[in-house]
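Chain A is already provided as a structure; the job is to place chain B on it using the hints.
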Amino acid sequence: MNIQTAIKMTAAETALVDAYTAQIGDLIGDGAVLSARDTLVHGLKTQGLPTRRVESWHYTDLRALLRTVPAADPTAFAERVEPLVAGSSVLTVLNGKADPKTAPAGINVRSYAESLADGVAAPDLIERGPDDAIGRINGSFVRDGFEIEIPEGTELEVPLEIQLVQSLGQSHTRFPVTFGAGAKATIIERHLSVSDAPSLVTSVSDLILDEGAEITWIILQQQGAADSHLGQVNFDLGTNAQLKLFVINAGAKLVRQEIHGVTTGEGADFKLRGINLLGGETHTDVTFTLGHDVPNTTSTEVIRNVLFDRAKGVFQGQIRVAPDAQKTDAKMACNTLLLSDDADFSAKPELEIFADDVQCGHGATVIDINPTHLYYLQARGIPENKARAMLVNAFVDEIVEELENEALIETLETIIANWLEKHA
Amino acid sequence: MLEIRNLHARIAEDGTEIIRGLNLTVKAGEVAAIMGPNGSGKSTLSYILSGRSDYEVTEGDILYNGESILELDPSERAAKGVFLAFQYPVEIPGVATMQFLKVALNEQRKFRGEAELSTPDFIRRVKEAAAKLQINPDMLKRPLNVGFSGGEKKRAEILQMALLEPKLCILDETDSGLDIDALKIVADGVNALRSPDRAVIVITHYQRLLEYIVPDSVHVLYKGQVIKSGDKSLALDLEANGYADIIDAAA
Chain A
1 MNIQTAIKMT
11 AAETALVDAY
21 TAQIGDLIGD
31 GAVLSARDTL
41 VHGLKTQGLP
51 TRRVESWHYT
61 DLRALLRTVP
71 AADPTAFAER
81 VEPLVAGSSV
91 LTVLNGKADP
101 KTAPAGINVR
111 SYAESLADGV
121 AAPDLIERGP
131 DDAIGRINGS
141 FVRDGFEIEI
151 PEGTELEVPL
161 EIQLVQSLGQ
171 SHTRFPVTFG
181 AGAKATIIER
191 HLSVSDAPSL
201 VTSVSDLILD
211 EGAEITWIIL
221 QQQGAADSHL
231 GQVNFDLGTN
241 AQLKLFVINA
251 GAKLVRQEIH
261 GVTTGEGADF
271 KLRGINLLGG
281 ETHTDVTFTL
291 GHDVPNTTST
301 EVIRNVLFDR
311 AKGVFQGQIR
321 VAPDAQKTDA
331 KMACNTLLLS
341 DDADFSAKPE
351 LEIFADDVQC
361 GHGATVIDIN
371 PTHLYYLQAR
381 GIPENKARAM
391 LVNAFVDEIV
401 EELENEALIE
411 TLETIIANWL
421 EKHA
Chain B
425 MLEIRNLHAR
435 IAEDGTEIIR
445 GLNLTVKAGE
455 VAAIMGPNGS
465 GKSTLSYILS
475 GRSDYEVTEG
485 DILYNGESIL
495 ELDPSERAAK
505 GVFLAFQYPV
515 EIPGVATMQF
525 LKVALNEQRK
535 FRGEAELSTP
545 DFIRRVKEAA
555 AKLQINPDML
565 KRPLNVGFSG
575 GEKKRAEILQ
585 MALLEPKLCI
595 LDETDSGLDI
605 DALKIVADGV
615 NALRSPDRAV
625 IVITHYQRLL
635 EYIVPDSVHV
645 LYKGQVIKSG
655 DKSLALDLEA
665 NGYADIIDAA
675 A
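Quick mapping for you: the protein sequence lines, in order, are chains A and B.
Per the working numbering, the first sequence starts with residue 1, numbered consecutively.
Per the working numbering, the second sequence starts with residue 425, numbered consecutively.
So here's chain A without its partners, still in its complex pose:
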């Protein structure tokens, strides 16, 4: 017997469920897609948004934090902006509407709306597990995105920027991306807001890297002060594939960015580099899980957080090593610069190791600005506020410097410096 306790739905939960009913005639999808959506919405209706009683949401009580959901507004207007790096290829998603026409030569791009319409997308629209609230919300409402294939051996000379510009309302997008054997590319998933009105943005990227692909994927989130961002990246790394994933949060009121990966080919290497710039009364959660499923795969994760004001931050990092995944080498670090007594950061590392010949480690630090460093800079004539800004910058710049594209490094440094100037 299966008894479902009826929950009293919050305003946000009601708004989501009602929105689904209201849009039912309008949501894209063939029979299989629509039935997958129904299943996901049913989960939302019966379980509600996750609370702190759900372990993976313990530090981010979504039910309490996501109070209201702005209504979708199909008439909202947003315009393309200049790419981060001049000369990049740009694919735009303006208020959730994707335009595949500007795809660069040599790669295959089609709009996800088409994949929904003809049912290709149906198998994607499932939950990762009972706690997959992002997959559930996104799968219920997803309207667009890009399905991208970078064929075997293709090297993209310039970065490909997927630009998601939001003005208000809602946007739910998906990006299944396959990188063929030996493909090399830098992809920028850039979320930004062009108005102060609230938005709810959900975005799921599913990356598959074939043998020897070398990919840098950057998620730059700069949404507005009233926005909620629910993001998820899933990846699967084949033999000798290398993925460097940079996650930079510098905006939004409520953020949950999930990263879930598996290494399925020997020699695969994953790097996660994260920067969370947190200020105001915001809540930002980066949750990461990685399964080292086969022998001889490596990963390093370095997260740097800077907190001002009453900001709250969370990093959950889970590394699982399968029983036969010998010679796994995984190292995780989470370093936090806490610059306000009212700010709060929770770090939760988890290692689940079932093999016996592995190297795994994790460390978390919480620090203030080093007074000796500050004194040294001041002793050379740099005023205190400027010296502080330099040291905060230095703390996160070590991460940015790991990128290889000089123009991209410079742009990100400017974005970070501007953010710090506004919040410090």
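Treat the hints as calculated values from the structure; they're not laboratory data.
Be aware that a few hints might be false.
[As the list claims (entries may be wrong)] With the Cβ distance kept under 7 Å, some of the chain B side facing chain A (calculated, not the full set):
| no. | residue |
| --- | --- |
| 1 | R476 |
| 2 | P498 |
| 3 | A503 |
| 4 | V514 |
| 5 | I516 |
| 6 | V527 |
[As the list claims (entries may be wrong)] The calculated DMTMM-like cross-link candidates involving lysine to aspartate or glutamate, where the alpha carbons are at most 25 Å apart (straight line), are:
| no. | chain 1 | residue 1 | chain 2 | residue 2 |
| --- | --- | --- | --- | --- |
| 7 | A | K386 | B | D655 |
| 8 | B | K534 | B | D497 |
| 9 | B | K565 | A | E127 |
| 10 | B | K551 | A | E127 |
| 11 | B | K551 | A | E406 |
| 12 | A | K45 | A | E152 |
| 13 | B | K526 | A | E401 |
| 14 | B | K534 | B | D603 |
| 15 | B | K591 | A | E406 |
| 16 | A | K271 | A | E401 |
| 17 | B | K534 | A | E421 |
| 18 | B | K577 | A | E398 |
[Claimed, not checked] In silico contact screen, one side only, chain A against chain B (beta carbon under 8 Å); selected entries:
| no. | residue |
| --- | --- |
| 19 | T39 |
| 20 | F354 |
| 21 | D356 |
| 22 | A379 |
| 23 | R380 |
| 24 | I382 |
| 25 | P383 |
Beta carbons are placed, not taken as given, at the ideal position from N, Cα and C, and that holds for glycine.
Below, chain B alone, put in the same frame as chain A:
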């Protein structure tokens, strides 16, 4: 240029008194050596002159060009021309050496109401000064002092001094950790800065450095006071006979 009057100072955290009634006058153009046994307060004096907040002045005053600098923070003192070459220069990961030099130079210029240096002008100055100190340009591409050897750090301090052109230079055991060749290069760098409008305070344990940077006056610091002053022959005397006689005589 510098007049220290009956200075008393303690460690802010635990109240330990380190400087106990110190008097010292250094004139423009003068090179003054401060010597003394371990724990006599030499490094503390240098930190207090630079304005480090870990120390509290409880009595007395420090006059620089006739004005008290006790209320100035380290950056203001630096901009007014006080420079401390650290005994242990600090490694700061993530701060590029060139960026640091440029910000420091321009912030000091800004404080004094001077125009900022253009980038080409700045780079030219750094290159010239670095070449004189035999500093490998690759070193300047690294984060500040990170991965520098002991000798490289000391040379980097003198490079900063040469670029910032301070009026009062305080060298805190700049000779420690230097081999004889590096010592000569550093000493040449300091001597090149000697001028009638600039004073230098050399804090050292050993007479050796004073063979290369010849002082006009030598002062012995003990238990937070200057217990004896003299000319350069005092340093030779200390080298030969140690501190015991002077300490006994002062007691």
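Handout entry: Interface hint outcome for A/P383 [beta carbon to chain B under 8 Å]
Key = It holds, given that the least Cβ distance between A/P383 and chain B is near 5 Å, below 8 Å.
Problem - Satisfaction of hint between A/E421 and B/K534, Cα-Cα up to 25 Å - result: Measuring from Cα to Cα gives roughly 19 Å; hence the hint holds.
Handout entry: Given pair status - A/E398, B/K577, alpha carbons within 25 Å
Key = holds, 21 Å
Practice task
Take the C-alpha atoms of B/K526 and A/E401, compute the straight-line distance between them, and say whether it is at most 25 Å.
Solution key: Holds, at roughly 20 Å.
Exercise for the section: Grab the minimum C-beta distance from A/D356 to chain B and call the hint holds if it beats 8 Å, violated otherwise. Expected result: Violated, about 35 Å.
Practice task
Would you mind confirming whether the straight-line C-alpha gap from A/K271 to A/E401 stays at or under 25 Å?
Solution key: Holds, because 14 Å separates the two Cα atoms, which is no more than 25 Å.
Handout entry: Agreement of B/K534 and B/D497 with the hint, judged by alpha carbon distance not exceeding 25 Å
Key = The hint holds at about 16 Å.
Exercise for the section: Mind checking the alpha carbons of A/K45 and A/E152 for me, to see if they're no more than 25 Å apart? Expected result: violated, 42 Å
Problem - Interface hint compliance - A/I382 to chain B, C-beta minimum distance less than 8 Å - result: Hint holds; A/I382 Cβ to chain B Cβ min 5 Å, cut 8 Å.
Exercise for the section: Hold the hint about B/V527 up to the distance rule: shortest CB distance to chain A must be less than 7 Å. Expected result: This hint holds: B/V527 lies near chain A, its Cβ roughly 6 Å from the closest one there, short of 7 Å.
Exercise for the section: Verify the proposed pairing of B/K591 with A/E406, using a straight-line Cα cut of 25 Å. Expected result: violated, 39 Å
Problem - Pairwise hint evaluation, B/D603 against B/K534, where the allowed Cα distance is 25 Å at most - result: violated, 38 Å
Of the hints listed earlier, those the structure fails to meet are numbers 7, 9, 10, 12, 14, 15, 19, 20, 21, in rising order.
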